[in-house]
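The whole structure should be built from the sequences, with the hints applied where relevant.
Chains as they are written, first to last, in this note's numbering: chain A, 392 to 1171; chain B, 6 to 269; chain C, 970 to 1132.
No wet-lab data here; the hints were simulated from the structure.
Straight line, CA to CA, 20 Å or less: simulated DMTMM-like cross-link-like pairs of lysine to aspartate or glutamate: (1) K541/A x E693/A; (2) K1114/C x D1107/A; (3) K407/A x E1052/C; (4) K173/B x D66/B; (5) K579/A x D787/A; (6) K413/A x E1052/C; (7) K413/A x E1062/C; (8) K413/A x E1045/C; (9) K513/A x E987/C; (10) K1024/C x E80/B; (11) K42/B x D988/C; (12) K928/A x D602/A; (13) K1164/A x D245/B; (14) K29/B x E987/C; (15) K950/A x D1020/A; (16) K61/B x D1022/C; (17) K480/A x E693/A; (18) K29/B x E158/B; (19) K1113/A x D1091/C; (20) K42/B x E998/C; (21) K42/B x D676/A; (22) K961/A x E1015/A.
Chain by chain, the residues run as shown.
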Amino acid sequence: MGVEGIGARVARKEDKRFITGKGRYTDDMVVVGMKHAHFVRSPYAHAKIRSIDASAAEKMLGVIAVLNGKQMTEDGIGNLICGWMIHSKDGSPMNMGAWRPIAQDTVRYVGDAVAVVVADTKAQARDAAEAVVVDYEELPVVTEAVQALKDGAPQLHPEAKNNLIFDWEIGDAAATDAAIKSAAHVTKMKIVNNRLIPNPMEPRAALGIYDEAEDHYTCYTTSQNPHVARLVMSAFYNVAPENKLRVIAPDVGGGFGSKIYIYPEEIVCLWASKRTGVPVKWNSDRTEAFLADAHGRDHVTEVEMAFDADNNMTALKVDTIANLGAYMSLFSSSVPTYLYATLFSGQYKIPAIHGNVRTVYTNTAPVDAYRGAGRPEATYLLERIVETAARELNVDPAELRRQNFIREFPYQTPVIMCYDAGDYEASLEAAMQAADYKGFPARRDEAESRGKLRGIGMSCYIEACGIAPSQAVGSLGAGVGLWESAEVRVNAVGTVEVLTGSHSHGQGHETTFAQLVNDRFGLPIDQVSIVHGDTDKVQMGMGTYGSRSGAVGMSAIVKALDKVEAKAKKIAAHLLEADESDIEISGGELKVKGTDKTVPWFQMALAAYTAHNLPDGMEPGLKEGAFYDPTNFTFPAGCYICEVEVDPDTGKTEIVQFVAADDFGKIINPMIVEGQVHGGIAQGIGQALLEGTSYDPETGQLLTASYMDYTMPRADDLPSFKVSTTETACPGNPLGIKGCGEAGAIGSPPALINAITNAIGKNDLTMPATPQKVWAALQG
Amino acid sequence: MYATTYHRPASVDEAVKLASEEAKYLSGGQTLLPTMKQRLAAPSDLIDLRHIDALKGISVDGKHVRIGAACTHNEIANSDAISAVCPGFTYLAGHIGDPAVRHMGTIGGSIANNDPAADYPAALLALGATITTNSRTLSAEEFFTGMFETALEEGEMVTAVEFDAPEKSGYAKFRNPASRYAMTGVFVCKGADGSVGVGVAGAGADGAFRSPEMESALASNFAASALEGISIDPSGLMTDMHASAEYRANLIKVMGKRAVEQAG
Amino acid sequence: MAEITMTVNGRTVSGTCEDRTLLVQFIRENQGLTGTHVGCDTSQCGACVVHVDGKAVKSCTMLAAQANGSEVTTIEGLASGGELHPVQAAFREHHGLQCGFCTPGMIMTAVDMIRRHDGQLDEHTVRSELDGNICRCTGYHNIVKAILAAAEEMGGSAKVAAE
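Structural data, given as structure tokens:
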């Protein structure tokens, strides 16, 4: 390992601009003649639009136009789509209702866009938006999925009877029922996975620029996947053909899934720019973000786990109702199905598994992938029920887990996934050591002497990352392939540009990806530039989500580096009059093995471009591209142990220790990986302890629409974390990487709830475990 | 924010002349400006009080404390003079909002707004403070008239807050996990004459209030244990998604005990 | 309209804006200093923290007109002569940032915090002093570490200077 190579703790190249205020985010972009958009949004959760009167607004100072959805349709702009087809168990395709970028006849959640004002300033646009008079006819509202399925519930879309989008299953129902029937012990639980609002600190923004002379569009947007945005905006929304549409996602201030999707606002900015002849910028305020960003989670589940007389797991049966909100967002259908139920086996040998999932429309914001996306929901139900079973069976929860671990690989689960590698015992041991698991009873007694209730809880999670083998996801209904691309350009002076289809919105790609080049050629990372986020600069790529930039994105870079290396060796061999198999590259030089004959890297590069002296038939230049399609998912796994102290007087929980032991396979930059784990754990703790989304069930108003009511994790809510890693290499990709971006958010919620329920001696506790809830549980 | 006109008077008189029904005094602005940004308030004019010398300054004369209305929470929190005679009060000021908010927000602005979740009103009620305006002097009891309501008349402004420091003082609050405002805060004090004041913030449906049952319990024995047996009636307390009235009633007792412990 | 004159990062600047213009808008839109960010509408996230007359304030909760005549320092003015401020350097060294959006406000808050505490900070104090700054990426772990390291570094240099 060099000081900047694979495994090195390298400080980030991109930090200089961020710490000096020179980051360039979408809202920082200013172009000549730029005007500002403000959306008129529905104050009702469900209503017919009788009429829209913009006449007063149009006359206000600074107003350029007030536009509506009918005009969009007239201009040929299409509806928003869900890109993953799921079939119900009866074989019928999912019942998808229409989602217009701007509502025309009906609004279905508070925040649904109804019109847009374009004006000289943001304030003028907002002033005028208030003057747009919309006549609504209120309709009955339903916000909870379980209620929405009932006969007589308000209906959102004519396509979806009883609001049911699909009724899907996985696994073997008969075998599972039989195993439960013959079990020595069955643990049953109702599990609620609370709805979350992602809240990246940078609110979404878009700047649409139409160039009439070239009939060309440019879109600056807060996207995790600019190429997918361009593809979808071209192919489905008919904004412009791909060659006439440039999408740029510059510095993006966090995403966590919520910036994967193509939202109405960026489409509207592009369309409005053509319609008005001026560049149009929209910047979400935080309240709009709460209302109109895609939310996450929101499951209600009945789960049963069966054991034989020796406490071996024999079956798991899951019945989930998932709330998808008012419309089907881009990947919403995949989250509670293939990203969720395929993980029901967890780290355990469970011979029979069956899952049933019904997805439902309600008058709430659309729900889609949020950090972890399905995998936190699976892990939560599994790790809660395992812990509960251990309590019922009166065995140590660590031992019950250990006894049931999968130990031989590859392991084919009953729910599609085939785990390639892992050592669950190793992470369990590492976590128990780090947490001083044995010493817990003494710590609990000491806490008791101070009047505090101390509890410990664990969670052994597994997730599927490296999303995903294109053929596999295609057969499961995905509308896209999930490969990744890279191009490595060696310049004539030897410096390197790596063009990647991955997109960094905080993950540190500019550093980590450069480390790969350093490791391969020995070039300092400041001679390596990572280019991403611009469809005009970078070849088609699939973007960053699902912890895929390492396992998939870097694999593509490795493939391209292989090609560059091969050609560089050929050139060097030619220059040094040696056999190419004898050439080795290190420290910025190409050497003939066992001799002192060398050619500096830059000279080889120069030779490639002068082309004065290249091997016969070789093309000049040194630039190679590659597409990498994974052969399997990757399976990061680990063990988290949380220790809490509950103040019985107030119900307030203090996290006194949080230990994470993760197996991410090969790690390129441990500092960055640790940072990913810290952030993930904070989001998981947020879900378990702090973040609750609340809609008024009668009116559909979002009650938690700002930081005044939605509890974001603050520094004093959290401890410092003890994180460590164990390593089993991932056989599926060239670097052996599994992915680390979501683990923290997946593994931590059950560990925390298991700890609190252990502390208070009551098992029935829903997330977020607010002080009031914990206090009430203690009273009851 | 709707359009408004900003003024920066240099004296109280000048400020009063600018006042009107549609205008508002602007002090630290830490509540008013966010409210205006949400378009929930639309004053035609904003009269900035931060540049009026008469509203500035803290003086402590023996046990008598006088705090100018334009003093920031940060200035109060860091006042050694107040801390020496009434540490509970500086502790309270040091736990309002966050550091940046404390640099701007003022005691005058806070009490004129009388947010039910604000901290000062509870303390001023417990301390039996007086509130001086440009035209009169009121007791805290007279000044705070209900949730977001005060006795201030149109154009009237708070100029100073005064109280006699007690022998002992303490404040404990349980913060709303999201907003970080007081979900329940209790200020306790004990005067040299044995009189006890207990003010409760963040819990009352009608704003801050004094708790007679806690005051009488503590009058006979100023110790946390004296509150053990009392029970707080949840009727009249706020219920919202973060805390029921019953939970707040519990918090009043728990925070009361902790405030007494802090007071020593 | 308000005629504003203030010192921004040591330079006297002036501009005309609506009275309702927030300081953060003046800084970003009038002065083109886009390092100061807006992350919420309720004065809670702290992405907009700048120093006005030497004190950390939320520039989204102050009118530009209120800052008329003041000295304002933004994240762009923190480094001097190409030399990073110790807090900036510590954030990089300790990986105290990921997406970078909250970072300017975090750094400005940290500089103010270290100054007010004379560099005498512990983890508990740092965490409670970060009450008004929200980060969604880092879990605060490395931010806390960076601030403590910077405080030590700055405390160290202060001691040397005094001797």
